[in-house]
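A.B. asks: Read off the chains here:
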Amino acid sequence: MSDPILRLEGVYTNIAQYHILQGVDLEVPRGQVTMLLGRNGVGKTTTLRTVIGHWRARQGRILFDGEDITALPTPAIARSGVGFVPEDMGIFSDLTVEENMVLAAASGPIDSARLEWIFTAFPPLKTFWKSEAGNLSGGQKQMLSIARAMVEERKLYLIDEPTKGLAPAIVSTMARALKELKAQGASILLVEQNFAVARALGDTANVMDDGRVIWSGAMAELSGDAGLQERLMGLSLEAH
Amino acid sequence: MTAAPKHAPKMAELSLADRLGPWMPVLLVPALVLLGALAIPETSSWLTLTVSGLAMGMMIFIMASGLTLVFGLMDVINFGHGAFVSIGAFVGVTVLLLLGQMTGAPSLGLNLVALMLAVIGAMAATGLVGWAFEKVIVMPVYGHHLKQILVTMGGLIVVEQLIIVLWGPEEIYIARPESLKGAITFAGAALEKYRLVAVVVGLVVFVAMRFVLRRTKVGLIVRAGVQNGEMVQALGYRLRRVFVGVFIAGSALAGLGGVMWGLYQEVITAHMGNDAMILIFIVVIIGGLGSVEGCFIGALLVGLLQNYVAYLEPKAALISNIALMVAILMWRPMGMIPVVKAK
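In order, the protein sequences belong to chains G and A.
Just so we're aligned, residue 1 is where the first sequence starts under UniProt numbering, counting upward by one.
Just so we're aligned, residue 1 is where the second sequence starts under UniProt numbering, counting upward by one.
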């Protein structure tokens, strides 16, 4: 097996007096979708934010594409090829959809073929291209948030709950777009609470609890074992 | 199970009220000018006061624009911004005094060259001081508003004292360049040449700022940074560098404003920047923290209102701007053109 694109080794992260991550060990294989699962408040978002550098690891190492990025500032991590879609979408509301996308293309003008591909995945973005992003619906904002990460080819995508609070029709659109991204060979670390989406997209899965990864394995293994799900996350497929 | 409905967004036509909504603050300026025309029966007086108000507004805008961007971009409350106004005025006036032969010559060309050199000197000096101010005073207190207020106020006091050490405690009187003295007559109104120049310079600065903010990538980064700096960094931009650049540019603009304000009043003092801070804060607050357009409109409103009220009811002039701020904030608590910030 080739080197993973991302490896976390014993990562601890504190936010103020709270010890959120308590020794996270995690690997994201190249060209695969790695699911990060677990109940609310177990440290999934903190893991992603620690990787992108918004919060600093107090202890441990983060290796991206073989390089130690633990102490790098966020812009340097992003420029090394990490795309980030935060839980709150991080949309620039006062900017138009076009301006949001232009800004996301940090290395130069937007590639027209790639933009067409994005428009195919997310048609509303073409419709509202010149509109202020703040006027978009929740689902459209989420499309823009993901499209912004997709506008340039990244080595790794960190995506935090892309289907949270969205209508079923939009969830399908999101899942389709992420599948396309996956088909292009992208490496994705995806936090997702919707188990049906996780099952459809994930190749490997990591389940977190209490600030550390408590189970790693194939997504198929987890989704095929209701007892395991119940034990790890307190849910069963019947609930979905 | 039925299939999920097809996602088909529709574009709805906005109502007239919705379309006019964002323009309401802009309409306030012509509305105030019109009100002034109704309240001041003599057309010549109204015209003189209007030009005077616009000139004053433009100078306040130039001084305040940097402060609003700095606040919007990095959430820094810089009470020391007035220091750059004072430094700009002293450096600019010193250059003008050194070039006395050029400013005293009855030649528009020579006068403008002297003025340009004074402006360049003032902006370079304040840009440099701004860079040091940010590094030494502001950087250690990012994210701590109370500390920012205390430390930047302290910085202002230190700068004022340094000005007194370097230039002395006395007021310095400065005559405007020969070609900018006096007035031209238009429709029976005497319009001071210097005020007309101030209006033009203010407009040029506003258009240039808008161009940079709206039409360039750096402007895009600044506007996005005002809303959500963390996300801008996650897209790969070194926001810290952008912020330092904005701080330096804002300081340099305050320096330009200081030269213009000094020549407007024809006297400069070490605490002139501190005095101007009240007006600067009013326009930054009523404009909407972080909004250059709001700052521009706010400055024009403040300038016009102060001139009209001072003519109609001089005693009320002192409170007119506070009353304007109260009225605007009751109408739009976040300012006329609020900037949406991510939290």
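Among the hints, erroneous ones may be present.
Derived Cβ-Cβ restraints for the label pairs, each shown as a range [to be verified]:
| hint | chain 1 | residue 1 | chain 2 | residue 2 | range |
| --- | --- | --- | --- | --- | --- |
| 1 | G | Asp-68 | A | Arg-214 | 37 to 43 Å |
| 2 | A | Leu-27 | G | Arg-61 | 54 to 60 Å |
| 3 | A | Arg-241 | G | Gly-41 | 45 to 51 Å |
| 4 | A | Gly-168 | G | Asn-14 | 32 to 38 Å |
| 5 | A | Pro-333 | G | Gly-217 | 49 to 55 Å |
| 6 | A | Leu-329 | G | Ala-76 | 51 to 57 Å |
| 7 | A | Tyr-142 | G | Asn-14 | 18 to 24 Å |
| 8 | G | Gln-184 | A | Tyr-142 | 36 to 42 Å |
| 9 | G | Arg-58 | A | Tyr-142 | 52 to 58 Å |
| 10 | G | Asp-68 | A | Pro-338 | 52 to 58 Å |
These are calculated hints, taken from the structure and not from any lab test.
Positions of the beta carbon are idealized from the N, C-alpha and C atoms, including for glycine.
A.B. asks: List in ascending order the numbers of the hints, as given earlier, that are violated by the structure.
C.D. replies: Numbers 3, 4, 6, 9, 10, in rising order.
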